[in-house]
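Asks: Kindly produce the complete structure, drawing on both the sequences and the hints.
So you can see what is in the structure, the chains are spelled out below.
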Amino acid sequence: MGTSTGEAKIHYNRQTQSRNGVGLLKIIRYLKARELLQVLTVFAFAVLQVRLDLLIPEYMRRITHLVQTPGNPVSDIVAAGGFMLLCALGSLACVFIISFFASKTSAALSMRLREMLFTKVGDFSMKEFSRFSASSLITRSTNDITQVQQFAMSGMQMLLKVPILAVGGIIGIAGSGLEWTAAASIAFGFVLAVVAICLAVVLPQFKKMQEFVDKLSLTVRESLVGRHVVRAYNAEDFHEEKFEAANNGFTRADQATNRAMAVMGPVMSLGTNGVVVAVYVIGAFLISAAGQTAAALAVFSNMVVMSFYLALLFNAVKFITKVVPRMPRAAVSAARIIEVLETEAGEDGVVNGEEACKHGEVEFRGVSFRYPGAAGNALEDISFTAKQGETVAFIGSTGSGKTTLLNLVMRFFEAAKGEVLIDSVDVRYYRQEALNNKIGYVPQKAVLFQGTIGSNIAYGENGKGGYSPEDIARAVKIARAEEFVSKLDGGINSGISQRGANLSGGQKQRIGIARAVCRNPEILIFDDAFSALDYKTDRELRGELKAKTSNTTKLIVAQRIGTIMDADQIIVLDGGKIAGMGTHAELLKSCRIYREIAASQLSEEELAL
Amino acid sequence: MSEHNSDKRLKGASMGTNHFAGVAEDVGGYGETWRKLAAHCKKHLPLIVFALILAVAGSILQILVPGRLQALTDIIQEGIAGGLDMDAVISVAVVLGVIFACTALLSFLQSYTLAGATAQISENLRSQISRKINKLPLKYFGRVSLGNVMSHITNDVDTVGQALNQNIGTLMSASALFIGSLGMMLWSNWIMALTAIFASAIGFLSSKAVLSHSKKFFKAQQNGLGAIGGHVEEVYSGHSVVKAYNGTKAAKEAFAELNGRLYAATWKAQFVSGFITPLMQFSGTLAYVSVVVVGAALVMRGQISFGLIVAFIMYVNQFTQGLTHIAETFPGIQSTTAASERVFEILDEDELSDESHKTQRLSSVRGEVTFKNLSFGYDKDKTIIHDFSAEVKPGQKIAIVGPTGAGKTTLVNLLMRFYEPDGGEICIDGVPISQATRGDVHSQFSMVLQDAWLFEGTVRENIAYKNKGATDEKIAEVCTAIGLHSFIASLPNGYDTVLNDEAALSEGQKQLVTIARAMIHAAPMLILDEATSSVDTRTEALIQGAMDMLMEGRTSFVIAHRLSTIKNADLIVVLKDGNIVESGVHGELLLQNGPYAELHRSQFELPARPA
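Protein sequence lines correspond, in order, to chains A and B.
Residue numbering for the first sequence follows numbering that gives the first Met the number 0, starting at 0 and increasing by one per position.
Residue numbering for the second sequence follows numbering that gives the first Met the number 0, starting at 0 and increasing by one per position.
Hints listed in this document are in silico derivations from the structure and should not be mistaken for laboratory results.
This structure is a prediction, so every number in the text was calculated from the model and none was measured.
Ideal Cβ placement from N, Cα and C applies to all residues, glycine included.
Be aware that one or more of the hints could be misleading.
[Stated by the list, open to error] To be clear about the criterion: a stretch of chain A counts as covered by chain B if any three or more of its residues have a C-beta under 8 Å from a C-beta of chain B, and this derived list gives those stretches: (1) 104-113; (2) 119-126; (3) 148-160; (4) 217-225; (5) 259-272; (6) 283-290; (7) 294-306.
Replies: Now the structure itself:
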């Protein structure tokens with residue numbers, strides 16, 4: 000999209016680094032009350048499940064005891080086994096419920112985040128949009144959200160159980176001897192330290208990884224869009240190499256993270272297993288030190304209890320090892336999502352403009368504009384007025400600020416100095432939607448969407464309750480698209496593939512023009528929209544426009560003198576400044592640049608006009 | 000009214016998403032997909048086998064643990080009454096410590112190896128897709144959305160990679176544990192072993208039943224991501240129009256529809272997969288209870304000692320643990336399968352015909368181009384070019400004019416072999432281009448297209464492009480000739496300023512860059528398809544001069560609406576509906592007073608003055 004001129008793209012310093020960690024916590028804010036309730040339900044059932052799961056080893060011990068003590072009838076064992084199975088069944092039911100709510104909640108969260116992100120991007124003006132690349136926004140809307148969703152799912156399934164198990168385990172351990180508690184604390188301190196170090200190491204890697212995903216999207220997208228040129232220049236290798244650079248970067252980050260994570264699991268199990276052995280060895284020392292049988296027995300039973308509760312804590316650790324590898328990437332993704340969500344879209348105005356007594360008047364008062372980060376002004380001190388029904392044309396060399404000027408009318412960007420007024424109201428005060436309703440905009444490059452010709456023409460909303468088939472037919476006629484549309488098998492309902500790949504340049508442009516006309520706006524803006532048309536179509540189209548939309552103000556950027564010479568006012572732009580203003584005849588006399596442009600296109604006698 | 004409107008949008012948005020429809024039928028095909036995936040992993044087989052060996056070794060060590068722990072307990076228990084054998088305790092503890100250390104080391108090495116292998120497998124898949132994109136016929140891109148293709152690379156391969164990494168290792172060690180403990184069980188007592196197997200089979204079969212439903216959800220999830228990607232890409236690409244037309248609401252509605260479907264697929268896939276582990280745990284408990292009950296009965300009958308039961312219980316624990324871990328990997332394996340299927344969907348697409356056998360070379364081309372009875376249509380039943388014939392002599396400048404949609408760009412597409420004609424042929428120096436390789440044909444032409452396309456890279460890279468030998472002086476010279484140099488010099492980093500596809504330059508400036516690119520390329524022939532449509536006419540006149548120099552002695556094809564650019568052409572071909580309606584030189588054609596004369600008049604005809 001040619002939305003900015005002349006200046007190199009600015010790379011904002013995105014300060015996500017410091018926010019990575021809190022990203023996941025912030026995401027919680029986006030849960031609705033109902034989902035929080037669901038999370039609580041999950042928690043409640045997790046407590047129940049842990050309780051039931053704790054009973055199982057209890058029964059296991061009882062059964063072992065029954066088996067070990069001769070003389071017990073099999074029926075006792077069967078009974079104990081039956082209870083054990085009941086517990087297992089209950090636990091299964093709990094998991095069923097947990098899974099149900101966890102999957103629903105995490106999927107709902109991701110759906111909401113995706114929708115919020117999409118909505119937010121929809122609210123962005125060009126200024127905010129250009130802060131992120133389209134490729135990055137696409138990654139954020141798909142890949143990043145998937146990371147968060149998967150983490151949320153496993154988080155609810157496993158992470159929630161960690162505090163339950165930990166509390167249970169710690170309470171159990173607290174009662175036993177100091178030596179054991181110390182051993183357990185050291186082991187867990189060790190495990191936690193390892194986890195913390197791993198996370199610290201991998202977080203920046205994961206951040207890099209998501210940036211490489213952006214890069215991958217970008218390179219693929221660009222070679223897809225430019226596929227004709229790529230092939231024409233036999234430049235496939237060039238782009239494959241470029242892709243490989245991103246691919247390789249991603250792979251290295253991927254390997255680095257996974258390898259760092261590979262340390263975590265084994266170290267954790269080493270810690271947890273080690274502490275079991277430590278408990279036994281300590282137990283052995285204490286028992287041999289106790290001397291008396293009674294005291295020794297007490298120590299022994301303490302040891303058994305201890306190892307049982309340690310097993311609980313290990314379970315908690317096991318869950319952590321399963322969830323933690325996902326966490327850093329999810330945290331980075333969450334931060335990237337939040338970065339977009341927290342980007343303030345320009346504040347919307349309040350004016351609807353329905354009560355205005357003017358319709359379609361555009362006025363620039365001393366407007367200057369500079370692209371963010373650019374060295375110089377793209378527009379300087381521009382003043383003019385286009386009254387209702389007038390045609391104002393802009394001409395000037397490539398990069399002279401024509402498109403930029405139009406972008407200010409639509410508030411894609413905002414003037415740095417001066418005011419852009421529509422119907423005597425500053426465009427900043429309009430509700431964006433109300434402002435858009437006044438305008439029909441045709442960009443330089445036709446933008447078409449998958450769908451039909453009809454759906455592309457009746458695109459969007461104009462605040463007047465949609466478009467009738469008659470509106471569409473009228474627009475098709477004015478845009479001189481009737482001739483080719485009628486030749487298509489499906490007529491107005493003919494399919495359009497992505498970006499209108501099945502239409503010629505001029506056909507795409509005429510559909511774009513029909514789309515603008517269909518809105519029946521107060522102001523029509525043509526950003527060099529006629530260049531792709533042959534002269535005949537161009538002329539006929541403008542004739543139709545003149546006849547059928549005489550009350551509509553028209554702002555036209557064009558290269559061809561023929562397209563604009565009958566305009567009420569022609570503004571010649573040069574280096575962002577107005578170099579001349581007037582009618583064709585006036586400018587021929589007064590403006591050197593205009594005369595040069597005209598001379599390059601018109602014959603002698605026409606110039607003499 | 001607006002309903003009808005949004006309806007259309009929805010229909011439009013979901014055109015690229017018809018994958019959804021095919022979801023239900025697509026449940027089978029595991030073997031096929033995994034065979035292909037395995038073929039892709041071939042290069043990494045040694046690493047994977049190495050990891051497998053580590054996994055087996057680790058599992059064997061793990062099987063030793065319960066026995067040692069039991070021994071430790073026994074020693075301590077015996078020592079309660081006094082005379083605790085501390086030496087024995089220490090020695091067992093040391094053995095355990097060594098085992099744990101070895102297990103940790105093995106498991107680390109295994110994960111480390113696999114992390115490397117799976118990352119490379121994913122890298123390889125991404126490369127393949129990226130290369131595939133260049134081998135697909137351009138027609139392919141007419142029916143898929145770009146976002147969906149991107150989703151193959153970012154989302155699908157990512158899923159494959161993550162799932163492989165997380166599951167292959169677990170699957171390996173769990174299988175080893177499972178087989179090991181199974182062997183121990185069978186060796187100890189076959190009756191109890193069968194009991195355990197039977198009991199856990201129930202869990203295993205019910206998991207399988209659950210899983211038979213879940214794959215379609217995983218596939219729907221990946222398809223849903225692709226569809227969302229497609230829609231999002233389209234809307235973000237057309238951001239300015241979407242905004243200006245208040246199309247955000249309709250775009251959101253279409254998005255919400257896709258998002259809702261993705262939600263449904265996602266939660267179902269997650270729910271089902273979250274259910275497998277507990278199901279297996281339950282069947283583990285079931286196996287345990289069954290074994291104990293059967294074992295107790297056997298003890299009662301005096302067939303076995305209870306010591307055997309105690310040992311057996313440990314084996315059952317490991318057995319069910321192995322089984323549970325195996326089952327845990329199933330959802331991951333399923334999502335890998337689903338995502339791989341999508342990856343292979345694009346990798347298996349028919350490629351452009353292989354041309355490596357072609358020996359015909361177009362070398363030192365003079366530039367004679369013959370079109371013989373060419374006919375072509377993008378759809379087979381809709382012919383756009385009918386029986387087009389023309390002869391172009393070396394060095395001539397051929398202008399193709401005509402109303403929009405007449406087939407001008409289509410002719411270029413055929414000349415460049417972007418598409419193959421349905422009938423007739425094009426020859427360069429008498430050689431049918433179908434006999435030369437595409438690359439060979441392409442390298443005969445410098446080309447500037449209607450849509451100026453830049454890639455992310457510096458101005459210099461964008462201009463030099465393939466031509467690595469282009470010197471800075473040469474680039475500056477070309478840019479000066481077309482009036483681009485002073486603008487580039489004004490950029491913050493001059494020729495090193497990074498441009499990209501999104502913004503940075505005005506359309507006209509982008510066109511100038513692509514013209515500079517074509518001029519640097521300097522192939523024997525030239526194609527200009529509306530190359531200066533967004534450039535102002537003064538600059539165009541400048542370019543014209545530079546171009547004329549470039550075209551000197553080069554056959555060139557020019558499509559332009561501004562007839563001033565083609566007045567001096569050696570041959571002007573007027574196209575209408577894919578037919579030549581007129582051809583000749585400017586003067587002749589004006590005299591004939593036919594369609595060309597009409598076109599010519601139209602550009603100078605002054606519009607009626609308002610009354």
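Asks: Now look at each hint and say whether the structure bears it out.
Replies: Verification of the supplied hints:
1. 104-113: holds (count 6)
2. 119-126: It holds, with 6 qualifying residues against the three required.
3. 148-160: Contact hint for the stretch 148-160 of chain A vs chain B: holds, 3 residues under 8 Å.
4. 217-225: holds (count 9)
5. 259-272: holds (count 9)
6. 283-290: Held - the stretch 283-290 of chain A has 5 residues with a Cβ nearer than 8 Å to chain B, which meets the minimum of three.
7. 294-306: With 4 residues closer than 8 Å to chain B, the stretch 294-306 of chain A meets the three-residue bar; holds.
In the structure shown, no violation is registered for any of the earlier numbered hints.
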